[in-house]
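In the order they appear, the protein sequences are chains A and F.
First residue of the first sequence? That's 1 in UniProt numbering, and the numbers climb one at a time after it.
First residue of the second sequence? That's 1 in UniProt numbering, and the numbers climb one at a time after it.
No lab work stands behind these hints, which were simulated from the structure alone.
A hint or two may mislead.
As the list claims (entries may be wrong) - Computed list of chain A residues with no C-beta within reach of chain F, every gap over 10 Å: (1) Asp3; (2) His24; (3) Glu30.
Stated by the list, open to error - SDA-like cross-link-like pairs, simulated, lysine to any residue; straight-line CA separation at most 25 Å: (4) Lys577/F - Glu21/A; (5) Lys660/F - Asp3/A; (6) Lys660/F - Phe28/A; (7) Lys659/F - Glu30/A; (8) Lys659/F - Phe130/A; (9) Lys659/F - Phe28/A; (10) Lys659/F - His7/A; (11) Lys595/F - Ala549/F; (12) Lys91/A - Met611/F; (13) Lys125/A - Thr565/F; (14) Lys659/F - Glu21/A; (15) Lys207/F - Gly170/F.
This structure is a prediction, so every number in the text was calculated from the model and none was measured.
All residues carry an ideal CB built from backbone N, CA and C; glycine is no exception.
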Amino acid sequence: MPDFGDHVDNGIFSQILEMDESDHDRDFSEPLVFNFFEQAQETFVKMDAALAARDLNELSTLGHFLKGSSATLGFNKIRDSCQVVQQYGHKLTVDGVSEPDDNVCLKKIAEALQTAKVDTAELEKKMRKFFGAE
Amino acid sequence: MMHHLDGGGNASSHPDLGLLFDLSPLPSLLLSPAWRITRASARFLDEWHLSTEDCVGQELLAFVQQQLSPSPIHLKFLTTAIDDAIAARAERTSMPMNTKRSVAWRARVIPFFKGDELLAIATEWQEGPLSELNLLKDEEVQPGLSTDEAFRILVQAVKDYAIFLLDTTGRIATWNTGAELLKGYRRDEIVGKHFSVFYGKEDLASKKPEMELEICMRDGRVEDEGWRYRKDGSRFWANVVITAVYKDGVHVGFGKVTRDLTERKSAESRLIAAYEESEKLKSDFLANMSHEIRTPMHGMLSACALLLDTTLSPRQRDIVGIMDESGQVLLQVINDILDYSKLASGSFSIHSDIVGITSIVTLVVRSVQTTLPPSVHFELFLAPDLPRSVQGDPLRYRQILHNIVGNAAKFTEKGSIRVRAGVQREDHDSYVVMTEVTDTGIGIPEAAAAGLFTPFTQFDATTTKQYKGTGLGLSIAKSLAELMGGSIGYRPNPERHGSIFWFTARFKKIKSLEQIQDWKSKLIRKGDAILALPEADVVKLRQELAEVAPIKSLLLVEDNVINQTVMLVMLRSLGFKNTALASNGSEAVNMVRSKPAAYDIVLMDINMPIMDGHQASRAIRDVGIQVPIVAMTAYALKGDRERCLEHGMNDYIPKPVDKKYLIKVLGKWLLHMKDYRKAFDEQMNKLRGYEALTLGPKGHVAERLQQLSLSIQNEGEGKRSASGLPDVSDKSAEDVRALEPHGTQSSDDTIVGVHPTPLIEHHQTSSVVSSPRFEPLLPPVQLELLDSSLGMGITATDMITIPPAQGSHTSAEAADSGGDTGTSANGTTATTPLDPPFDSNHGAADVIHGDDSTLQP
Numbered sequence: 001m002p003d004f005g006d007h008v009d010n011g012i013f014s015q016i017l018e019m020d021e022s023d024h025d026r027d028f029s030e031p032l033v034f035n036f037f038e039q040a041q042e043t044f045v046k047m048d049a050a051l052a053a054r055d056l057n058e059l060s061t062l063g064h065f066l067k068g069s070s071a072t073l074g075f076n077k078i079r080d081s082c083q084v085v086q087q088y089g090h091k092l093t094v095d096g097v098s099e100p101d102d103n104v105c106l107k108k109i110a111e112a113l114q115t116a117k118v119d120t121a122e123l124e125k126k127m128r129k130f131f132g133a134e
Numbered sequence: 001m002m003h004h005l006d007g008g009g010n011a012s013s014h015p016d017l018g019l020l021f022d023l024s025p026l027p028s029l030l031l032s033p034a035w036r037i038t039r040a041s042a043r044f045l046d047e048w049h050l051s052t053e054d055c056v057g058q059e060l061l062a063f064v065q066q067q068l069s070p071s072p073i074h075l076k077f078l079t080t081a082i083d084d085a086i087a088a089r090a091e092r093t094s095m096p097m098n099t100k101r102s103v104a105w106r107a108r109v110i111p112f113f114k115g116d117e118l119l120a121i122a123t124e125w126q127e128g129p130l131s132e133l134n135l136l137k138d139e140e141v142q143p144g145l146s147t148d149e150a151f152r153i154l155v156q157a158v159k160d161y162a163i164f165l166l167d168t169t170g171r172i173a174t175w176n177t178g179a180e181l182l183k184g185y186r187r188d189e190i191v192g193k194h195f196s197v198f199y200g201k202e203d204l205a206s207k208k209p210e211m212e213l214e215i216c217m218r219d220g221r222v223e224d225e226g227w228r229y230r231k232d233g234s235r236f237w238a239n240v241v242i243t244a245v246y247k248d249g250v251h252v253g254f255g256k257v258t259r260d261l262t263e264r265k266s267a268e269s270r271l272i273a274a275y276e277e278s279e280k281l282k283s284d285f286l287a288n289m290s291h292e293i294r295t296p297m298h299g300m301l302s303a304c305a306l307l308l309d310t311t312l313s314p315r316q317r318d319i320v321g322i323m324d325e326s327g328q329v330l331l332q333v334i335n336d337i338l339d340y341s342k343l344a345s346g347s348f349s350i351h352s353d354i355v356g357i358t359s360i361v362t363l364v365v366r367s368v369q370t371t372l373p374p375s376v377h378f379e380l381f382l383a384p385d386l387p388r389s390v391q392g393d394p395l396r397y398r399q400i401l402h403n404i405v406g407n408a409a410k411f412t413e414k415g416s417i418r419v420r421a422g423v424q425r426e427d428h429d430s431y432v433v434m435t436e437v438t439d440t441g442i443g444i445p446e447a448a449a450a451g452l453f454t455p456f457t458q459f460d461a462t463t464t465k466q467y468k469g470t471g472l473g474l475s476i477a478k479s480l481a482e483l484m485g486g487s488i489g490y491r492p493n494p495e496r497h498g499s500i501f502w503f504t505a506r507f508k509k510i511k512s513l514e515q516i517q518d519w520k521s522k523l524i525r526k527g528d529a530i531l532a533l534p535e536a537d538v539v540k541l542r543q544e545l546a547e548v549a550p551i552k553s554l555l556l557v558e559d560n561v562i563n564q565t566v567m568l569v570m571l572r573s574l575g576f577k578n579t580a581l582a583s584n585g586s587e588a589v590n591m592v593r594s595k596p597a598a599y600d601i602v603l604m605d606i607n608m609p610i611m612d613g614h615q616a617s618r619a620i621r622d623v624g625i626q627v628p629i630v631a632m633t634a635y636a637l638k639g640d641r642e643r644c645l646e647h648g649m650n651d652y653i654p655k656p657v658d659k660k661y662l663i664k665v666l667g668k669w670l671l672h673m674k675d676y677r678k679a680f681d682e683q684m685n686k687l688r689g690y691e692a693l694t695l696g697p698k699g700h701v702a703e704r705l706q707q708l709s710l711s712i713q714n715e716g717e718g719k720r721s722a723s724g725l726p727d728v729s730d731k732s733a734e735d736v737r738a739l740e741p742h743g744t745q746s747s748d749d750t751i752v753g754v755h756p757t758p759l760i761e762h763h764q765t766s767s768v769v770s771s772p773r774f775e776p777l778l779p780p781v782q783l784e785l786l787d788s789s790l791g792m793g794i795t796a797t798d799m800i801t802i803p804p805a806q807g808s809h810t811s812a813e814a815a816d817s818g819g820d821t822g823t824s825a826n827g828t829t830a831t832t833p834l835d836p837p838f839d840s841n842h843g844a845a846d847v848i849h850g851d852d853s854t855l856q857p
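So here's chain A without its partners, still in its complex pose (with noise of 0.2 Å):
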């Protein structure tokens, strides 16, 4: 297992390599992993649709659905970003506070996506490597 840095939560990742028939072939995983990052881009999109159009609930929809994804993943950077999303999509911060400002909570919203955009670009490589290198 390689080290994903605080990307990945190792121990629920490897649950998920544990599911392979071997660890030559991980016919389970990897198509897994890598259709996660296709949803990731087709939710980033409607993210962006929804950021223009200014629709909170879509993000905080969206948040959540991509959130459960990563987070079934151990996708921890990613998963944390989405909570942003959603979580101010529900006009609250990540604490649970009421933020009644629309354009604070896009503003906040509009910062996590590029950070998840980020951060998943930069985890999509490393998975690339792993699983090119295995």
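Starting from the known structure of chain A, arrange chain F on it as the hints suggest.
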């Protein structure tokens, strides 16, 4: 020299004074009292390139004007100095008067008096550079010190600030002591260099110095904080102010003042770090506390619950009941202290459950009673109008009461403690219940009574040592009473020494049996013991699960395809081959409704498009299908579990799903709970017996029955076609027993009923009663442990004897008071004090208990 002149009485013995004046090395003019030049020294004439005739007889000001062409202000410097000197009868020096020849002259003025009569004025002239600080020419300056000089000295002497001038291109023009100390350059090293030498690489790369000058030119001034570098390369955190300097409207350079804020900066960051550290420590501590305390508490309470399920003598049952009760309260108190900030911020929540006030009061009294000396006795008055069951938060009610009764017990050494509960007010929807505790203890001094409910106060510092406590109890009780729509108060005991504490709380009325039914499903927590299983047992549980997995049918409801995939593979790895998929709540509801008995368990995501998990679960429950539903959600907040349970779900798995936890939850529901379908069979058998009685008068009952029949029919098909599982009621107990890991007998023999039923009032005659709940089978390992360590065989059925509920509780209330069921190892049926919503049918009971075997789905 002046003294000589002054003492002119014996001048003849000295050289001619006029000659001496002429020979003075200073350029000098002698003036008449009317400021007319009477004599000019040779040096003066030489320096000013004049002859005696050019000077003598001239009026001074006109002369200076003619010779130097100073500005009127500069000429005034001279008159001021002369006026001052005459007024003070002392020497004065004028400020420099700039001339067109790029030099400035200043005059030292010495007046000569004889008595009060001014005889003459001597002036000595000194040449100097042009005065620079023209801007300040109008200011009054201390006599004898020119503005120029004053500022030069001031600036030069300042050590704490680097103050220097830059020329228009940013090259350093002046340098003070502060600058030298701060930056480490000596004046001769730095003057002429560009000020960007103080900046770091990054600042230089971003052209910060140039930008600062630009901004300064535009705005007149610029201020900046950042790292600057000394000559030796070390850096300091600087506050820099640059000001554009103009002379006569022409930009001549910049003034730059730099302060070293390194100390302040590091103090600030130390403070911030300390603050962050302490915040982190605090939350870590709370999180750890919460986990470290709650985990063993849960273990203890689970063990207590298991112990209560074994055969116990009445006395043992009492003791275990008290252990359980105290443990629950302790757990609650721990939670409260951890949540204290929540209370303070008003975000504390009150849950909605069934409350059996009488049983709570009784249990609290009994648990406190054991701590009392024989000299104190309890009196318990429960008003006859007290409702048996109401809707509210039983834990909070119990907590307030326990606190007050506990206090009474703590402070009462002899006499009595009287607990009285009754309805204070009643309206259409609710009761206000008044609970009052009167003791004959030490009482409370009048002065202390006001602060009783303030946090962290105890009424007497001396009692703190004698009577332990956090001082939080009453303030929490107050907040809780207020949250429950009531209030709390104190008054002295009018009869004798002591206190009366009372509190009120508002409870909703329970309107229908169905309402009770809704809550009952969530009161079932006993199966939770399995969740505390240690690692080794999980391995075993997984094996057990693998044995039954092939014949189990699951429904996974999940909208995210990634999560679907992972869950499916995880389930497959546990041996589950039959897992159906629904990608939203609506699909799930359709699938379950169309095959009401097809699935052994439903794993339900909460947040989904079209219909979420909460709505879906309600929709499934609404048609009376009691399949276990386990919520899966990435919500991790306290209360989420409760919310899921409120919506009719049975359990909760946090996401991301941990395999071990999944094993435990599946084990709990698939191995240790009775099959909900079996419950249907039993209920149907019962219902068939009652059909004649119930059909007819009550329309909704008939409707209900019809619905039930329908589900049963569906179930029959579903069971055989979907799972191939033999119907348990077909006497195939041998097969079932094979699935029981140890072959031990189950302690559970209660008939499981899950349907709300309107039959409660009609059939209470049978000796066999049932608890309308899922009952967990005891995990065999723990049973053995209890068996050997406590020396208790699992033998006879035991009746629990908690008064005053015998035979009159509603089932929900009994669940609240412990919800015990008896055990049966010998084939007899257990009796509980629970009212049977169903009077169990003998036929059904025979099926279950006839061969002494455990029933497994």
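Of the numbered hints stated earlier in the document, which are not met by this structure?
The structure conflicts with no hint, since it agrees with every one listed earlier.
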